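Student: Chain A is fixed; fit chain B onto it per the hints.
Protein chains in written order, with our numbering: chain A, 1 to 414; chain B, 1 to 414.
FYI, nobody ran anything at the bench for these hints, they're computed from the structure.
Bear in mind the structure is a predicted one, so any value in this text is a computation, not a measurement.
Misleading hints may appear alongside valid ones.
Intra- or inter-copy, both count: the list cannot distinguish identical chains.
As the list claims (entries may be wrong) - Below 25 Å or equal to it, Euclidean Cα-Cα: the simulated DMTMM-like pairs (lysine to aspartate or glutamate) are:
hint : residue 1 : residue 2
1    : K107      : E79
2    : K108      : E374
3    : K16       : E2
4    : K282      : E99
5    : K321      : D305
6    : K38       : E2
7    : K38       : E303
8    : K45       : D65
9    : K57       : E374
10   : K4        : D265
11   : K273      : D65
12   : K273      : E380
13   : K105      : D305
14   : K351      : E8
15   : K105      : E324
16   : K346      : E236
There are 2 protein chains.
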Amino acid sequence: MELKDLCERVKAAKYKTAQLSTEERNNALKHIAEKLVKGSERILKANADDIAVAEEKGMSPALLDRLRLSTQRIEGMSEGLRQVSELPDPLAEVLEEWERPNGLKLKKVRVPLGVIGIIYESRPNVTADAFALCFKSGNAVILKGGSDAIRSNTAITELIREGLTECGIDPDAIGLIEATDRETTKLFMQQRDYVDVLIPRGSAGLIRSVVENSTIPVIETGAGNCHIYVDAAADEEKAIPILINAKTQRLGVCNTCESLIIHEDIKDSIFPKLAQALHEKKVEIRGDEEAQAASSLVVAATEEDFAKEYLDLLISVKTVKSVEEAIAHINRYSTHHSEAIITEDKEAAEKFLSGVDSACVYVNASTRFTDGFEFGFGAEIGISTQMLHARGPMGLRELTSYKYKIYGNGQVRG
Amino acid sequence: MELKDLCERVKAAKYKTAQLSTEERNNALKHIAEKLVKGSERILKANADDIAVAEEKGMSPALLDRLRLSTQRIEGMSEGLRQVSELPDPLAEVLEEWERPNGLKLKKVRVPLGVIGIIYESRPNVTADAFALCFKSGNAVILKGGSDAIRSNTAITELIREGLTECGIDPDAIGLIEATDRETTKLFMQQRDYVDVLIPRGSAGLIRSVVENSTIPVIETGAGNCHIYVDAAADEEKAIPILINAKTQRLGVCNTCESLIIHEDIKDSIFPKLAQALHEKKVEIRGDEEAQAASSLVVAATEEDFAKEYLDLLISVKTVKSVEEAIAHINRYSTHHSEAIITEDKEAAEKFLSGVDSACVYVNASTRFTDGFEFGFGAEIGISTQMLHARGPMGLRELTSYKYKIYGNGQVRG
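Bound conformation, chain A alone (with noise of 0.2 Å):
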């Protein structure tokens, strides 16, 4: 189908799908669930060509891992639907309500966000999860996945329209852009009259290529430059378990701590300790001069290190004189995702709180719970790192907007 054709069709749905009411959302999300697993042997048909073609291609065992599907992985995106439908319904919240001196009553109400246009890279779940947590929050949805995946895409993709069509409602709540190369993605940006808001989720790469060709809004999500700063009065029976988990619990993703920052006070007492515990989780330690005086496990860090979102076992040390300067360090080399202060006094903390310009801001816990289910939303679509309209783990709450609901009795303006 044509670009344009589907946009349109899309639009056209997102108003039906914005009316459906909760419990029509809930029972399509749980037959669809059914539907997934019972297309399981469409899906990994469509799947086993997309890996036939990726082999082909020299495709790395890691990316081949995630392209690949399974019955378990199935039942698991199955799941996962059945999991969102049970989650109270974002658009059943009445925001505000008050009423003016003239007699106009107002409400403001949630609204779904309309359209929503998600970008992604090679893993085929993505498509069942995105759908739902969009479809959940009464909006429609244009998925544009990554070639590799193209097979499996359009196989769950269809059984949701299967599903959704069965169900009684419009199928094109849920679009699949077919077409793989570059110059429709580009041209899938550009469509600001079909699409309200776009969720690139991938490589910075990606996210940059969106961010510099959208005319849609975007929310920006994912880059993790998380920095954990050991005050002078941390606890190191606090500092050592937090820092080995914010590093290495899970290297590949973005809430993982990428830069220790070390007061001066403890480089000859805690920090060799942490020194000592990251290189025997085999964590190459990159640091400035004095980390590099205080324990020989560390090797000298250049400038770059200190912006770099490794996504590897390695980590940089900068020492400071002061939670200030730990602040401005932050606020000039982070992403502006996660950070945490390990301290045992309370103003140092509150001024990290204050000063750190990051959507997470922890006192004394790991930079890893910065994650809708970590923070009780119940699910996630992806962590914004930009100031507008949502900051952090976005949940169903996140995918809305709002309307304002005015009632009168033939008031004008005067």
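Tutor: Below, chain B alone, put in the same frame as chain A:
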């Protein structure tokens, strides 16, 4: 000053502005309010130079009037600053607070957006107004005004900067781009590393250019093709005054009614009276065939008329068979700003309120109420017509984002 330098300085100042107390911000606003009045002579001299250049260029009397300042207009600007200083501080609000089963305590608090870029046209009083709202909400601001007002804007900005310095505040909380060429404006829209949000204020052409060229997140404001739907169950004693108010009270503003939709059942009863009332106000009526047949005051409308924001003594008329058809027509042609239904039928009213995809939807009241002051926000930076971040009138709260402060005692992720 080079654009890059200016952006760097304002970005550095944003961290300090965000940390100012409520009192520091309010006192500075009051001080600057006085400062502008005391500096009237300097502003008026600069403004006289702008006027002289504009007259030489042959600027129209209407635009010259927008550009011209007077002692009284400066007092108005000053009074505006004083009023903003008295509004509640949006940053004082804790939005949510909860605890997770693992003992993590989360606090969602308001924070400034950071650096707000405002691109506007020739009214120099916007310089002081926009500064006041951004600064009150803890933001730093970079202003790019029209070239015609550059001398006036420079004088006003200088006085604000002096006032900030006298209050012990970094004057780079405000920056004015002095270059007036288009290249600089385009370059400014690409400064995503420095500017957090861009708000264009002005003509549809200006806004389109910003949307198309900016890599900074934009809040689209302004365009209003607002509809009034007179239902089968309308009370004519409400319908006539509301329509006349919405169409004629002020012609050149975005919440003015541009299109009338009538239910076919009232085309020979209420509609001729509406047409007569519009005619008496010198409004030209362009309607579909049914409307033309119902009143000799109606001339033929083209498809284009229905999509137009006239900002003039013109209105389009569309006849429909049902509230559903009215909703579909609005969702197709409106700019999603403000629409109203006139009806005594509660069911039709609720259908309209839910089904119309606009920021502000009214029952039995004029669309002219879409305004930050009329809503009780005490201020307004613009009216958003997009779904992301803020919708409808934007006051101080809409100039903020949020962050999560998370308190732990050693938690790590399992």
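Student: The structure should be examined with respect to each hint, and the outcome stated for every one.
Tutor: To see whether the hints hold, each was checked on the structure:
1. K107 / E79: neither (36 Å within a copy, 30 Å between copies)
2. K108 / E374: Intra 29 Å, inter 15 Å, cutoff 25 Å: inter-copy only.
3. K16 / E2: For K16 and E2, only the intra-copy Cα distance (22 Å) is at most 25 Å; the inter-copy one is 50 Å.
4. K282 / E99: Classified as neither; 62 Å inside a copy, 34 Å across copies.
5. K321 / D305: within (20 Å within a copy, 66 Å between copies)
6. K38 / E2: neither (30 Å within a copy, 63 Å between copies)
7. K38 / E303: neither (54 Å within a copy, 48 Å between copies)
8. K45 / D65: within (16 Å within a copy, 71 Å between copies)
9. K57 / E374: neither (38 Å within a copy, 62 Å between copies)
10. K4 / D265: So K4 and D265 fail the 25 Å test inside a copy (62 Å) and across (37 Å) alike.
11. K273 / D65: neither (36 Å within a copy, 71 Å between copies)
12. K273 / E380: Classified as neither; 36 Å inside a copy, 54 Å across copies.
13. K105 / D305: neither (56 Å within a copy, 32 Å between copies)
14. K351 / E8: between (50 Å within a copy, 23 Å between copies)
15. K105 / E324: Answer is between; shortest inter-copy Cα gap is 24 Å, intra-copy 47 Å.
16. K346 / E236: So K346 and E236 pass the 25 Å test inside one copy only (16 Å; across, 65 Å).
Comparing the model with each earlier hint shows violations of hints 1, 4, 6, 7, 9, 10, 11, 12, 13; every other hint is respected.
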